[in-house]
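> Sequence:
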Amino acid sequence: MWYVGLANSRAHTIYAESQDGINWMRPINTPVLNPGLNGAWDSWCAAAGPVIKEGGLYKMYYTGYSDPNGQISIGLATSSDGIFWQKHPVPVMSGTSGWERQIAPHSILKIDSLYYLYFSGRSQTGDDKIGIAFSYDGINWRKYAGNPILTPTASWEGTGVSWPSVIFENGTFKMVYMKVTYSSDDLFGMAT
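Using our numbering, read the sequence shown as starting at 1 and increasing by one per residue.
A couple of the hints might just be wrong.
Unchecked claim - Straight-line Cα separation of at most 30 Å, DSS-like style, residue types lysine-lysine; simulated pairs:
#1 K174 to K53
#2 K110 to K143
#3 K87 to K53
The hints are simulated quantities; they were obtained by calculation from the structure and are not laboratory data.
Could you build the full structure based on these sequences and the hints that come with them?
Below is the structure:
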């Protein structure tokens, strides 16, 4: 499992292992993916996102930025063991404008030879939506022209939808997602 840990207000990626999915241990006490050096596009944040394993190679799509109030982008890191990671030198998908100003990866699928990357996006006004991008190599991505693919339409969804987790089962894409309004009640929805 790869998850986010904070140190000096900066987001790092931490690693843990489990034999049963319930009891976890950290065999390494230091982060496995760190923010970049000062001046780098990910100098403030290198937060774990979805991981896919192909053959003997792990690919992690992570959230990175140098300014938490600026544009947020998606990076790629690869590893042969899930512990020692090598970053791709530039973001594989960058935040732009509107609801795609700050983007974060949440789910990755590969069906046949096509990758599907589900991401959430947030504008300066805080409206969150969900989009998708496609790639044949996992590095060069094309955002779907019909994005966003999911927007808040029900009153319980508050100001936006985010955190899509997607599986492909029996010919149907199934997404569990979360509302964005921060309150004491966390609510989740499902879309197909």
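> Now tell me, hint by hint, if it's right for this structure.
Hints and how they fare:
no. : hint         : in the structure
1   : K174 to K53  : 21 Å, holds
2   : K110 to K143 : 16 Å, holds
3   : K87 to K53   : 16 Å, holds
Hint compliance for this structure: every hint is met.
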